[in-house]
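**Q** Which chain is which? The protein sequence lines are R and X, in order. Just remember that my numbering sits 1 ahead of the position in the first sequence, which is counted from 1. Just remember that my numbering sits 9 ahead of the position in the second sequence, which is counted from 1.
The set of hints was computed from the structure by calculation and includes no laboratory data. Worth double-checking, as some hints may not be accurate.
Computed footprint of chain X on chain R, listed as stretches where at least three residues anywhere in the stretch have a Cβ under 8 angstroms from a Cβ of chain X [said to hold, decoys possible]: (1) 45-53; (2) 100-113.
If you want the ones that stay clear, here's a sample from chain X, every Cβ over 12 angstroms from chain R, calculated [unchecked claim]: (3) ARG90; (4) GLU94; (5) PHE116; (6) GLY119; (7) ARG121; (8) LEU125.
A few chain X residues that face chain R, going by a derived Cβ cut-off under 7 angstroms, partial list only [stated by the list, open to error]: (9) PHE54; (10) GLY117; (11) PRO118.
As the structure is a prediction and not an experimental result, all values here were calculated from the model. Cβ atoms here follow ideal geometry from the backbone N, Cα and C, with glycine treated the same way.
Single-letter residue listing:
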Amino acid sequence: DAKTTQPPSMDCAEGRAANLPCNHSTISGNEYVYWYRQIHSQGPQYIIHGLKNNETNEMASLIITEDRKSSTLILPHATLRDTAVYYCIVRVAIPGSARQLTFGSGTQLTVLP
Amino acid sequence: GAGVSQSPSNKVTEKGKDVELRCDPISGHTALYWYRQSLGQGLEFLIYFQGNSAPDKSGLPSDRFSAERTGGSVSTLTIQRTQQEDSAVYLCASSLGSLSQRDTQYFGPGTRLTVL
Numbered sequence: 002d003a004k005t006t007q008p009p010s011m012d013c014a015e016g017r018a019a020n021l022p023c024n025h026s027t028i029s030g031n032e033y034v035y036w037y038r039q040i041h042s043q044g045p046q047y048i049i050h051g052l053k054n055n056e057t058n059e060m061a062s063l064i065i066t067e068d069r070k071s072s073t074l075i076l077p078h079a080t081l082r083d084t085a086v087y088y089c090i091v092r093v094a095i096p097g098s099a100r101q102l103t104f105g106s107g108t109q110l111t112v113l114p
Numbered sequence: 010g011a012g013v014s015q016s017p018s019n020k021v022t023e024k025g026k027d028v029e030l031r032c033d034p035i036s037g038h039t040a041l042y043w044y045r046q047s048l049g050q051g052l053e054f055l056i057y058f059q060g061n062s063a064p065d066k067s068g069l070p071s072d073r074f075s076a077e078r079t080g081g082s083v084s085t086l087t088i089q090r091t092q093q094e095d096s097a098v099y100l101c102a103s104s105l106g107s108l109s110q111r112d113t114q115y116f117g118p119g120t121r122l123t124v125l
């Protein structure tokens, strides 16, 4: 799986959009970009994933650059409950196979009141 | 719908005792993973079950650790003769596995194990 680089920490004001960047310059064509988060003392929570098109769900939006070497997770209206460590993962999706996740250091997002 | 559940949420045990941790995956998910996470650390893969195939045990740290999955659903992780270094949060995740190309994993809340 391709290596990812994320800033160690970010702050965001409550109610504003939180934009979390991720670099994955060695990504290959069959690798997806996944985002998970982990709120303190809880299990990791799936947020969103994408291949090359931008994706949106009820939690967030994922913007992937045209060259796929970087992406941004957008929480449109951050709340205090969004304070968590956010992990960007790049991994191959192999039909008929399932593989374990490996989290890097992630970005500690702190939403400030 | 119901997510992944784990029990107990917290377990305190004495060194040398055996413990059993339980995971109930999402209904219909054929793949089940066990991970552990020590304080401030990342995920450490332990074991993976996919349907009726032989489990991938490559992440188990020692032969004191074992896991089984009965009937393709509930799984139990057993740690024998617990040591203090076994203290961690044990996380279970499930996914559609081979039923899905993208294999999104959904995690339970974890069991916090403390070995005194």
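**Q** Now tell me, hint by hint, if it's right for this structure.
**A** Each hint, compared with the structure:
Interface restraint, the region 45-53 of chain R with chain X: holds (4 residues with C-beta to C-beta distance below 8 angstroms; minimum three). With 7 residues carrying a beta carbon less than 8 angstroms from a beta carbon of chain X, the region 100-113 of chain R meets the three-residue requirement, and the given coverage holds. At roughly 25 angstroms from the closest C-beta of chain R, the C-beta of ARG90/X stays outside 12 angstroms, upholding its exclusion from the interface. Residue-level check passed: GLU94/X sits 20 angstroms from the nearest beta carbon of chain R, beyond 12 angstroms.
Remark: the non-interface label on PHE116/X conflicts with the geometry, its nearest Cβ contact in chain R lying 4 angstroms away (cut-off 12 angstroms). Some Cβ of chain R comes within 12 angstroms of the Cβ of GLY119/X; the nearest lies about 5 angstroms off, and the non-interface call is violated. Not every CB of chain R is more than 12 angstroms from the CB of ARG121/X (nearest about 8 angstroms), against its label as outside the interface. The claim that LEU125/X lies off the interface holds: its Cβ sits roughly 20 angstroms from the closest Cβ of chain R, which is beyond the 12 angstroms cut-off.
The interface hint given for PHE54/X holds, since its Cβ lies 4 angstroms from the closest Cβ of chain R, which is under the 7 angstroms cut-off. Using the Cβ-Cβ criterion of 7 angstroms, the hint placing GLY117/X at the interface with chain R is satisfied: the shortest such distance is roughly 5 angstroms. The restraint placing PRO118/X at the interface with chain R holds, with a minimum CB-CB distance near 5 angstroms, inside the 7 angstroms limit.
Violation of the numbered hints given earlier is confined to hints 5, 6 and 7; the remaining hints are satisfied by the structure.
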